[in-house]
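Under my numbering, the letters of the sequence shown match residues 2 to 447, in that order.
Hints are computed from structural coordinates only; laboratory data are not their basis. Be careful, since some hints might not be right.
[Claimed, not checked] With a straight-line Cα cutoff of 25 Å, these simulated DSS-like cross-link-like pairs (lysine-lysine) come out: (1) Lys367 <-> Lys201; (2) Lys314 <-> Lys3; (3) Lys238 <-> Lys321; (4) Lys114 <-> Lys181; (5) Lys27 <-> Lys142; (6) Lys211 <-> Lys201; (7) Lys321 <-> Lys27; (8) Lys154 <-> Lys3; (9) Lys201 <-> Lys237; (10) Lys181 <-> Lys98; (11) Lys141 <-> Lys114; (12) Lys98 <-> Lys367; (13) Lys229 <-> Lys142; (14) Lys3 <-> Lys87; (15) Lys86 <-> Lys28; (16) Lys154 <-> Lys142.
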Amino acid sequence: MKYDVIVIGSGPGGYVAAIRASQLGKKTAVVEKAEVGGICLNWGCIPTNYGIKVEGEVKPDMEAVVARSRGVADTMSKGVQYLLKKNNVDVIAGYGKLTADKQVEVTDAEGNKTLYEADHIILATGSRVRELPALPIDGKKIIGYRQALVLDKLPESMVVVGSGAIGSEFAFFFTSMGVKVTLVEFLPNVVPNEDEEVSKQVERAFKKLKMTVMTEASVTHVDTTGEKCVCTIATKKGEKTVEADIVLSAVGVQTNIDNLGLEELGITTERGKVNVDEWYRTNVPGIYAIGDIVHGPALAHKADHEATICVEKLCGLDPKPLNYANIPGCTYTTPEIASVGLSEAKAIAAGYEVKIGKFPFTASGKATAAGNRDGFIKVVFDAKTGDWLGCHMVGDNVTEMVAAAVLCRELGAKGEDIIHAVFPHPTMSEGIMEAAAAAYNECVHL
Numbered sequence: 002m003k004y005d006v007i008v009i010g011s012g013p014g015g016y017v018a019a020i021r022a023s024q025l026g027k028k029t030a031v032v033e034k035a036e037v038g039g040i041c042l043n044w045g046c047i048p049t050n051y052g053i054k055v056e057g058e059v060k061p062d063m064e065a066v067v068a069r070s071r072g073v074a075d076t077m078s079k080g081v082q083y084l085l086k087k088n089n090v091d092v093i094a095g096y097g098k099l100t101a102d103k104q105v106e107v108t109d110a111e112g113n114k115t116l117y118e119a120d121h122i123i124l125a126t127g128s129r130v131r132e133l134p135a136l137p138i139d140g141k142k143i144i145g146y147r148q149a150l151v152l153d154k155l156p157e158s159m160v161v162v163g164s165g166a167i168g169s170e171f172a173f174f175f176t177s178m179g180v181k182v183t184l185v186e187f188l189p190n191v192v193p194n195e196d197e198e199v200s201k202q203v204e205r206a207f208k209k210l211k212m213t214v215m216t217e218a219s220v221t222h223v224d225t226t227g228e229k230c231v232c233t234i235a236t237k238k239g240e241k242t243v244e245a246d247i248v249l250s251a252v253g254v255q256t257n258i259d260n261l262g263l264e265e266l267g268i269t270t271e272r273g274k275v276n277v278d279e280w281y282r283t284n285v286p287g288i289y290a291i292g293d294i295v296h297g298p299a300l301a302h303k304a305d306h307e308a309t310i311c312v313e314k315l316c317g318l319d320p321k322p323l324n325y326a327n328i329p330g331c332t333y334t335t336p337e338i339a340s341v342g343l344s345e346a347k348a349i350a351a352g353y354e355v356k357i358g359k360f361p362f363t364a365s366g367k368a369t370a371a372g373n374r375d376g377f378i379k380v381v382f383d384a385k386t387g388d389w390l391g392c393h394m395v396g397d398n399v400t401e402m403v404a405a406a407v408l409c410r411e412l413g414a415k416g417e418d419i420i421h422a423v424f425p426h427p428t429m430s431e432g433i434m435e436a437a438a439a440a441y442n443e444c445v446h447l
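Kindly generate the complete structure, drawing on both the sequences and the hints.
The following block contains the structure:
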């Protein structure tokens, strides 16, 4: 069959690309080998875990947790299927790869192969859990995030390796469910991509929950021959041994670009990512790549925007290139973490003279009334121009507030503009204005 556009992968980049192409009049198909909606929807961002059993005592119900998680994911996947059907996008089930003559070969579950042609082929194949030699995932004792989402029972103890968004979220979740968790991070701070003050606040919160946090440490070996996993951990103070029922490997992701046919067409890659220009065109005309398999953070909202830009450009429109310096990140621990732009340290390292403002939620009426005053909002401004270089938040519901900083930065708002904007009271969001005022020594509520 011949299409105008074929998208390989139906994650947040792939299905958005397919729907937008169809909206712009292109005959479109999307190829998917697993669940429609991709990793984010089915196994990453969307699944929500909770379940409490009250039978004389209050305790977590892991079966209810998993059942609701899978139910939420299934509902969202069906929603994406509906959107694709509504927009007349053909869904082709199977494994898609490029052929030497720029066709798409799809292998279905029975092993049958079918060739499809398209003027434009968009690769949106996403990523999977990265495995380290010392942490070979067996799905039982050493697991990845997929297995962590569908455990049939709670372990008594767990070692989580890696404290990025995935590792920190799972470490917090299992600790909250009563599991004895040891979180191991190679770098000096947990959630190491965040501002250092945010990292320290999160580490304190984790330790308050009785989680063991080991930074500047690495798991060098896991012995799984016995009943428990025996982890050998290298630390600054020497080698330590930690026993746990399960080891969760959360050391990042690796791109799904193998066996995709890139070599046959001579599509160039670098450090596991497909090389593209600002319109997501590869070095081979008619072939594009978006999402986790190209440069930038592996985030759903980044893939979504890349998809729209890619499709609108190939359809002859004039989209605006994506500003990679203004992509927010969110981590769903308690406290939540949200940030955009440069941290204080990175701004200084980049040569900026900075103004720093910080507003603690201990001074917030809304946070006090809500009963959780942990956390703060921190802003970084260019002292010379007033440009908003970065915003870093930790606390309740901060993932709902960071969009304000993203929009202000996109529109070029200066520090003084933030101070003079009227924020509603009592809200957590007014802390943004208070932090900006603190940067200019104008805060009256601190």
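We went through each hint and held it up to the structure:
Taken as a hint, the Lys367 and Lys201 pair is honoured in the structure, with Cα atoms around 23 Å apart against an allowance of 25 Å. A threshold of 25 Å between alpha carbons decides the hint, and for Lys314 with Lys3 the separation of about 21 Å falls inside it, so the pair holds. For the hint pairing Lys238 with Lys321, the CA-to-CA distance comes to about 51 Å; that exceeds 25 Å, so the pair is violated. For the hint pairing Lys114 with Lys181, the CA-to-CA distance comes to about 48 Å; that exceeds 25 Å, so the pair is violated.
Taking the CA atoms of Lys27 and Lys142, the gap is near 47 Å; set against the 25 Å cutoff, the hint is violated. Annotation: proposed proximity of Lys211 to Lys201 holds, straight-line Cα distance about 15 Å (limit 25 Å). This hinted pair checks out: Lys321 and Lys27 have alpha carbons roughly 21 Å apart, not beyond 25 Å. Of the pairs offered as hints, the one joining Lys154 and Lys3 is violated, with about 48 Å between alpha carbons and a cut-off of 25 Å exceeded.
Among the hinted pairs, Lys201 with Lys237 is consistent with the structure: their alpha-carbon atoms are about 19 Å apart, no more than 25 Å. As the CA atoms of Lys181 and Lys98 are separated by approximately 43 Å, the hinted pair breaks the 25 Å bound. The hinted pair formed by Lys141 and Lys114 fails the criterion: a straight-line CA distance of about 33 Å is larger than 25 Å. As the CA atoms of Lys98 and Lys367 are separated by approximately 53 Å, the hinted pair breaks the 25 Å bound.
A distance of roughly 8 Å separates the Cα atoms of Lys229 and Lys142; the hinted pair therefore holds under the 25 Å criterion. A C-alpha spacing of about 20 Å is found between Lys3 and Lys87, which places the hinted pair at or below 25 Å, so the restraint holds. Of the supplied pair hints, the one linking Lys86 and Lys28 holds, its CA atoms being roughly 13 Å apart against a limit of 25 Å. Only pairs whose Cα atoms come within 25 Å are accepted, and Lys154 paired with Lys142 is accepted, the gap being roughly 13 Å.
In this structure, the earlier hints numbered 3, 4, 5, 8, 10, 11 and 12 are contradicted, and the remaining ones agree with it.
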